[in-house]
Each structure stands twice: as structure tokens, then as C-alpha cells.
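Given the sequences, and given the hints that come with them, work out the whole structure.
Protein chains: 2
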Amino acid sequence: MEYSFAALAEPNRRAILGLLLSSERSVGEIERKLKLSQPSVSKHLRVLREAGFVEARIEAQRRLYRLRPEPLLELEEWLAPFRRLWTKHLDALERHLDSPKGRKR
Amino acid sequence: MEYSFAALAEPNRRAILGLLLSSERSVGEIERKLKLSQPSVSKHLRVLREAGFVEARIEAQRRLYRLRPEPLLELEEWLAPFRRLWTKHLDALERHLDSPKGRKR
DNA sequence: CAGGCATATACTAATATTGGTATATTCCCG
DNA sequence: CGGGAATATACCAATATTAGTATATGCCTG
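These protein sequences, in sequence, are chains F and E. Here the first sequence stands for residues 1 to 105, numbered as in our numbering. Here the second sequence stands for residues 1001 to 1105, numbered as in our numbering.
If you're looking for bench data, these hints aren't it; they were derived computationally from the structure.
Computed, partial: chain E to chain F, Cβ under 7 Å: (1) F1005; (2) L1008; (3) A1009; (4) L1073; (5) P1081.
So the derived label-pair ranges between C-beta atoms look like this: (6) K1043(E) <-> A60(F): 42 to 52 Å; (7) R1057(E) <-> A80(F): 22 to 32 Å; (8) R1032(E) <-> R62(F): 50 to 60 Å; (9) L1034(E) <-> I58(F): 42 to 52 Å; (10) R1032(E) <-> E55(F): 41 to 51 Å; (11) R57(F) <-> A1056(E): 46 to 56 Å; (12) K33(F) <-> E1059(E): 49 to 59 Å; (13) R32(F) <-> E1077(E): 22 to 32 Å; (14) R66(F) <-> R1032(E): 39 to 49 Å; (15) L34(F) <-> Q1061(E): 43 to 53 Å; (16) R62(F) <-> Q1038(E): 49 to 59 Å.
Computed from a predicted structure; not experimentally measured. For each residue, glycine too, the CB sits at the ideal point set by N, CA and C.
Next up, the structure:
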């Protein structure tokens, strides 16, 4: 969890995840699609890999990267408690939380 | 969007959002609950404010901070396309999305 | 097996982020 | 109105992140 948000803070890394959404890709493909330098792509992929967002499959000299769901799922879970903020039933919910039991002080 | 992930990358800032989940809080309350220095809290709040995650209400010398849903909602939306990665009904879902109506291209 | 392709890594310089300390600002209250 | 409380900001030092350039590694193919 700690590394997930940091990994996603970089726009190019989010772009890479977006690319991988449709299919697995080699480093070179990512490089060309996003117009990044090869070392830059490799380094971003490393961060994403260490954070668990992607994994690589080796095919000859290529590395084919694909998404891994886990960290994204955790993101989803982190987000869950905040959903009530924009849920339609906000009013009823708040009234409930403001009831004697729900209050903190 | 650009600033959202960066803002969330910092653990103390996520902790602040967590605190605000239950109710609005003054800077001093946050400071005590999270055991952070006052300037540190103010600075994190600034980042959160500029990214749209919180807003402040002034009450005498206090600033009462509370959550704003917008950036979290955007996060949710950014996440949406990735949901299919962990959805149980993946197979059925894909078949549905591949049907004439659901297709993009 | 030599050359070339695909990818990773080391190193460096530039820039950004964070925490700390000191100070400024605003407002309340006696 | 003077002092103190609550918060913000400026400044600095330490550390982290990023892109770039050069180089290393591994694996095909002729």
C-alpha cells in the first residue's frame, strides 16, 4: 500500500498502466507509444513492478509486461470508506452517523 | 487529477483524510491525534487543500477542515476501467462487453 | 560465434519533497 | 489595548525522484 500511491503519482506510470489495460506490451512498444526513452520506460516499469502493479513475462529478448490486479484492488479498498461522500443517500447516512452512537465527542 | 495521486502519496496526508472521515477537525486536533508538528500539519493541509481534498471553515482563530469528495470521485473514476481485472464475473462481463452494443471499435 | 536487438542498470545533474525552526498573522479575552 | 492561542508561512538542510547518457547483459540470427 505504501508504495502504491507513490507509484501512481507519476503521470507516465499511469499512462503505462493505461496502455497495459488493453493487452500486454513489450518495453519497446511502450517506449514508442508514449514517446519515452527506453531507460525511462525500464525505470518506470521497475517502480511499477516493485509496487506490484505489473509483472513481466520473458519471451526471447523481450519482456512482455502485463497488469496485476492486487495493488489496484487495495486502492479500491482504501477508497471504500470515502464513498459515502458522494453517495446519493448521503443525507440519511449522515443522520445515522450523527446519532448518539455514531458521535465521537 | 494530476495532483491527486501526489497528494495521496504521503502517508500522513492519507492519515489526515482518514481522520476527517468521521468529522471535521481543527489543525490542533489533527496535530495531537497524529502526533505531528503544527507546521507539518499546516503544510500537509495546504497540499490537500490545493489538490481539492479538503476545505476549511474559519471559526474564530481555528480552521476547521473537512473533506471534499471531488478528487476522491475522480480517483474512483480513474480506477473504474481497471475493475474488470478483479471482477469475479469477468468472463460473463467480457462476453457482455463484447456484444455489439458494448463494443467500442 | 560475431553482430545486433531488446532491456536493464549505474551514474550524474537538476529538481522536488519533507521536516524543522523561527516568525508572522489573526483573533479572542481580560 | 496587550497577551496569548491557533494557524500559516518563510527559510533551510536532508533526502528523494526524475531524466539523460553511457554501459552492461542476454539472446537471437546469419
